[in-house]
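Chains as they are written, first to last, in the working numbering: chain Z, 1 to 156; chain A, 1 to 280; chain H, 1 to 382.
Because the hints were derived from the structure by calculation, they are not lab data. Note that the structure is a prediction, hence the values are computed from the model and not measured. Ideal placement from N, C-alpha and C gives every residue a C-beta, glycine not left out. Please note that the accuracy of each hint is not assured.
Said to hold, decoys possible - Computed footprint of chain Z on chain A, listed as stretches where at least three residues anywhere in the stretch have a Cβ under 8 Å from a Cβ of chain Z:
| hint | segment |
| --- | --- |
| 1 | 118–130 |
| 2 | 183–190 |
| 3 | 193–206 |
| 4 | 211–218 |
| 5 | 250–263 |
Said to hold, decoys possible - Calculated pairs, DSS-like style, for lysine-lysine (alpha carbon to alpha carbon, straight line, at most 30 Å):
| hint | chain 1 | residue 1 | chain 2 | residue 2 |
| --- | --- | --- | --- | --- |
| 6 | H | LYS254 | A | LYS276 |
| 7 | A | LYS276 | H | LYS329 |
| 8 | H | LYS254 | H | LYS329 |
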Amino acid sequence: MARRDLERLLAELTPFSGLRDADLTTVAACGQNVSFAAGTYLFREGEPADRFFLLRQGRLALEAAEPGRGALVIDTIGPGEVAGFSWLFPPYRWQFDGHALDRIAAVAFDGSCLRGKCDGDPRLGYELMKHFSSVMTDRMQSARIRLLDLYGQTAG
Amino acid sequence: MYSVGRPDAATEPMLPRLHRVRSTQSDGPDVVTLGLEPEDSQPMSFGPGQFNMLWAFGVGEAAISVRAGSDGLLLHSIREVGAITRALCAMKLGDVVGVRGPFGSGWDVEDGRDRDVVLVAGGLGLAPILPAAWEIAGRRADYRRALLLVGARSPGQMLFRRDLEQLQSRGLEVQMIVDHASAGWSGQVGLVTELVERSDFDASSALALVCGPEVMMRFTARALTDRGVPAGAVRISMERNMKCAIGLCGHCQLGPEFVCRDGPVFDYERMQPLMKVREL
Amino acid sequence: MDEVQPDGGSSEATKVLIDRTGLDQLIAALGANGYLVVGPTVRDSAIVYDEIGSVADLPEGWTDEQDGGHYRLQRRLDDALFGYAVGPQSWKQFLFPPRNLLFSASRTAEGVRLNEPDVEFPYAFVGVRGCELAAIDIQDRVFLGGAYRDRSYAARREPAFIVAVNCGTPAHTCFCVSMGTGPRVGPGFDLALTELVEAHRHVFLVEVGTDRGAQILSSVSTSQPAPGDPQAADAVVEGAAAQMGRQMDTTGIKQLLERNMEHPRWDDVAERCLACGNCTMVCPTCFCSSVEDVTDLAGDNAQRWRRWDSCFTLDFSHVGESSTRSSTKSRYRQWMTHKLGTWIDQFDTSGCVGCGRCITWCPVGIDITEELAAIRSTEEQE
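Modelling step: build the complete structure from the supplied sequences, incorporating the hints.
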């Protein structure tokens, strides 16, 4: 896919919508189009987290493998959503397994490439951090409420 | 179908109408669905969202929403949480159950005609939502998009799957999501609010019906209004301690409202200031 | 209700006089007409409501000294029969009894059979105060004015014969004037008495409120009042109105409470309140009840009873695994904001009649008028 097409694609997808054109170009430079067959693992817990994915088609399950219980699904991530934050902070290691539930088409971003761009341009870094923090907050919110285990208590 | 029902004027509302258990079915780890037939053969007219007081001889009564009324049988899905519901869940075919009702305000699904309707259910909150979904399925052309978004703890606790499959085939867009799952579930995992965020519907003109634990309803209502659904177009079903179910014993009060009589269905605009006061 | 006088004149102009003997005859006439006559009597160091047979049962020469958490009977200097304010009980214990059988049920070979009890209680209440008459009217709205009528209340209320009494001796806890319920009795009585205790006379000015009131009065010896008697009766009531021990400013009270649900005063009163529920038991308008199912040992016969309940209990608001009002603060707030505020939304009237019982019978003397004033005064300062 041509660079310009990639930029246009990114502009439509959060968390990159709202970025200036120049920033989109910068960010797109770290990305490339990828696809995975259904059932493949995009990443495994503990592996170096050198990239993250912005899904365009298909769904990804975040899993934790529990001996005796198999793979436990923590979250499912769909089109337009980001998978992977571990590239942002040391030790840059994946926390969970990423399992393609369907055929996945995504944009994969090189983590150290993007970190380098942010180090060089703190303003861009701040913009991206705002976007990513918002997504992470939503995920944390969802996780916290699920922890309340509300459905067990309903009567009638 | 009546949009809401009430006990026949001649009936003393504190006296139960005797019914016989004609079917019982396990619908989950601690959920039993009873099919009840009235001894006097008068079928009950109820509106989706209403509830009955089910009486177990000598034990007591519990407020249970009406899940369906079909083939002359009243269907109630009951979760065992205490002595009364335990007695109800243990009923056998032919046992007698007293029924008082129907009571309360209903969903008034008909208000959703010519609009997109979004039904959001969490856990056993699916039981009072089902009659609304079936109302839409029965007159599918009267409604535009119809979404049924269902959240459960895990795949094994996703209730009423057969109803969900049948509703899907009758033209409702059914989406399920669980808090967590093991491999073997290829569906969505997350909080039911995420389904609201991801779904496609015309928020400004939609009617939303939400039922589940109060925290879940608050967050779902917020997700809906964040999307642009007016607070007055979001309806939630509240639950409080009920004894008489006819607005006379005082137990179910929430501010000035009697949940048994002015509710249990309220619009979110009315409820929002009341839900903000801790321990109201 | 029609107002008909014994001689056919208008009620404004015509009142009659009876003496102690006449009052005795009145009580006897009520009994002879099939009423169960209930009135005030002294028992257990209080003036309570119980069956009475004659004037001799009335609390002659007694008055009540009341304040926050304080109730004592004192001897009067005269022998007035109604020279007190209100005791711990109200008429709700007859119209809305503390325990009431709703139905009984028994297991049969085929299933279950239900039996509804017959209800027949023609009461005559003697000595109903203005605040109490107002309280009965409020409970009428609760039990008879909604979508569902309470049959057992209706069965007791409809035949009830009311002999009201205008107050001459309020207690220090009274504030009926603030609530617009007294000391003069409002409409709703069959007969209303004003007691005149003078050096050489002890009489009652009688006002007739209904046909059946006139009919009962026809078996009693009456006489014409002296020219100054109506004014003397008015003076009794005006004197009482001037002696109110408490007052409550009800201006915009509903909105005031709505605005102050998180006021620090609630924490303050929660420190003192024991959540004992006395206030709800003595209050003449409190109507909360619960339903209890009981069986015999074999489990073949069951009964469902309605009993008084109180929003002060933890159980009252139990949902799921715990209660929505766990703290004493939330329960006191519920009681007071309901009584003075949301009651208006529900029934188009305040729930409080200013009888002061909740102040007297609170073990720690919490005063509803003081609590309201504290919230109102903090607001005005802002």
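Hint-by-hint comparison with the structure:
Given as covered by chain Z, the segment 118–130 of chain A passes the check, having 5 residues with a CB less than 8 Å from a CB of that chain where 3 are the minimum. Counting residues of the segment 183–190 of chain A whose beta-carbon sits less than 8 Å from any beta-carbon of chain Z gives 8, enough to reach three: the coverage restraint holds. Here the segment 193–206 of chain A counts 3 residues with a CB under 8 Å from a CB of chain Z, which clears the bar of 3, and the coverage holds. Coverage of a stretch by a chain is defined here by at least three residues with a beta carbon nearer than 8 Å to that chain's beta carbons; for the segment 211–218 of chain A and chain Z the count is 4, and the condition holds.
For the segment 250–263 of chain A, the assignment as covered by chain Z is violated, since 0 residues bring a beta-carbon within under 8 Å of that chain's beta-carbons and 3 are needed. At most 30 Å may separate the alpha-carbon atoms for a hinted pair to count; LYS254(H) and LYS276(A) meet this at roughly 18 Å. The suggested pairing of LYS276(A) with LYS329(H) holds, with an alpha-carbon distance near 16 Å, which does not exceed 30 Å. Among the hinted pairs, LYS254(H) with LYS329(H) is consistent with the structure: their alpha-carbon atoms are about 19 Å apart, no more than 30 Å.
The structure fails to meet hint 5 from the earlier list, while all remaining hints are met.
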